[in-house]
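From first to last, the protein sequence lines are chains A and B. Quick note on our numbering: the first sequence kicks off at 1 and runs consecutively. Quick note on our numbering: the second sequence kicks off at 1 and runs consecutively.
FYI, nobody ran anything at the bench for these hints, they're computed from the structure. Be careful, since some hints might not be right.
Listed below are the simulated SDA-like cross-link pairs for lysine to any residue, each with C-alpha atoms no more than 20 angstroms apart in a straight line [said to hold, decoys possible]:
no., chain 1, residue 1, chain 2, residue 2
1, B, 16, B, 50
2, A, 60, A, 24
3, B, 83, A, 76
4, B, 31, A, 95
5, A, 9, A, 95
6, B, 72, A, 47
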Amino acid sequence: MKFESQLLKGIAPVVVLEILSRGPMYGYELSQAVEQRSGKILTLGKGTLYPLLYNLEAKKLIAGKWEDKEAARKRRYYSITDIGMNELAKQKEQLKELSTGLNLIFGGAFSPA
Amino acid sequence: MAKEDINSKQLPDVAKQFIEHVIRKVRYNRKARVDVQNELFTHFEDELQDCKTEQERQEKTKHLIEEFGDIKLLATLIRRAKKRCRPLWQKVLIRTAQVFGIIILYIIICAIPLMIGKPTIKIDYVQWLNEKQQADREESENARVYYKEAAELLVDMPKWLSDGSYT
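Turn these sequences into a full structure, and let the hints guide you.
Structure, rendered in structure tokens:
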């Protein structure tokens, strides 16, 4: 399902932070994780993936580091920072409130079955 | 160094060209460009690792390049994001240099008319001073006429006076 880009614009950073809170990942691994864990509902556009990661890095929400975990393949792994964890908690709280508000408006349409 | 890295990676040529174009358009410092280049390379390698045939690799590469989107836009977004990663001291230094540059440019622009222009006299100060002097005074009291007559009446010194033969 193709979502409105404005709808997804604010979601992408918090999704990335949530995925990285479970462990460090590199770019490709992260984009695959977002797709798999959302049941293929959400996808991170390739053209926005790396600019998004660099922006989060600039805000010190994540930190990038070159590592070669597999032989002859050096990759840049991103991990969430303490500031990122705080921001993630704040964003999750806001999303919960938003979800509650929407449920009230739409008569519980967004509650899990 | 960037070109050697490109050729050493096992990627289709179209992928290498795409990455080269993006990196060229990023137009930022060398270290950042090399980092971005290596990240893009590993991303393409990871995406293509499951491809069994060369044709599959080529098709998947083209699909990936389409997914990455416009090269210029991608490079612009990457450059902006990398600029935001600058440390604070660097941002302050760059801003200070920009402000100084603007001030110097302003001074040069203001100095150009002074260097190439020619002065034009708009006020006749002689007339102005004369008017100030002549205000509230009768023209008949002006001795200029008599001085002029005296100068016209002035005769040349006779020879007997100038050569000292009168003694």
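Hints versus structure:
Only pairs whose Cα atoms come within 20 angstroms are accepted, and residue 16/B paired with residue 50/B is accepted, the gap being roughly 19 angstroms. Distance restraint check for residue 60/A and residue 24/A: the Cα-Cα separation of roughly 15 angstroms lies within the 20 angstroms cut-off, and the hinted pair is therefore satisfied. Note on residue 83/B and residue 76/A: the hinted pairing holds, with a Cα-Cα distance of about 18 angstroms set against a maximum of 20 angstroms. Note on residue 31/B and residue 95/A: the hinted pairing is violated, with a Cα-Cα distance of about 38 angstroms set against a maximum of 20 angstroms.
A threshold of 20 angstroms between alpha carbons decides the hint, and for residue 9/A with residue 95/A the separation of about 14 angstroms falls inside it, so the pair holds. For the given pair, residue 72/B sits about 11 angstroms from residue 47/A by alpha-carbon distance, which is consistent with the 20 angstroms threshold.
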